[in-house]
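**Student:** Per my numbering, the sequence shown starts with residue 89, numbered consecutively.
Hints listed in this document are in silico derivations from the structure and should not be mistaken for laboratory results. Note that beta-carbon positions come from the ideal geometry of N, C-alpha and C, so glycine has one too. Incorrect hints may appear among the rest.
Claimed, not checked - Listed next, with one range per pair, are the computed distances between beta-carbon atoms:
| hint | residue 1 | residue 2 | range |
| --- | --- | --- | --- |
| 1 | S124 | V147 | 16 to 26 Å |
| 2 | C130 | S94 | 30 to 40 Å |
| 3 | A106 | P148 | 35 to 45 Å |
| 4 | L131 | N95 | 40 to 50 Å |
| 5 | F107 | N145 | 18 to 28 Å |
| 6 | I143 | E109 | 33 to 43 Å |
| 7 | V125 | V151 | 26 to 36 Å |
| 8 | V147 | D101 | 13 to 23 Å |
| 9 | A134 | S92 | 19 to 29 Å |
| 10 | V111 | W142 | 19 to 29 Å |
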Amino acid sequence: MNASTSNLRELTDGALDAFWEVVVQHFPEATTGDLSVHRTHCLQAAAQAAIEEWIFNNVPDNVSLRRS
89 MNASTSNLRE LTDGALDAFW EVVVQHFPEA TTGDLSVHRT HCLQAAAQAA
139 IEEWIFNNVP DNVSLRRS
């Protein structure tokens, strides 16, 4: 599968949004969503790498990334 960088970034952003929604559900008392710039970058990079690996290992080459 070939995913453009912008499509992969959009997919990663959506996945991380869902991740944070689950975290917030468990801590409804939280009033902010602060995370350091360094940790934010590390999380984004790790999530994108995991998604790329998952796509490589599980999605046929002839399948395109679908936009939601």
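**Student:** Evaluate each hint against the coordinates.
**Tutor:** Cross-check of the supplied hints:
1. S124 - V147: 16 to 26 Å: 33 Å, violated
2. C130 - S94: 30 to 40 Å: 21 Å, violated
3. A106 - P148: 35 to 45 Å: At 24 Å between Cβs, range violated.
4. L131 - N95: 40 to 50 Å: Distance hint for L131, N95 is violated at roughly 19 Å.
5. F107 - N145: 18 to 28 Å: At 20 Å between Cβs, range holds.
6. I143 - E109: 33 to 43 Å: 22 Å, violated
7. V125 - V151: 26 to 36 Å: At roughly 34 Å between Cβ atoms, V151 and V125 fall inside 26 to 36 Å, so the hint holds.
8. V147 - D101: 13 to 23 Å: 19 Å, holds
9. A134 - S92: 19 to 29 Å: 20 Å, holds
10. V111 - W142: 19 to 29 Å: Holds: the Cβ-Cβ distance is about 21 Å, inside 19 to 29 Å.
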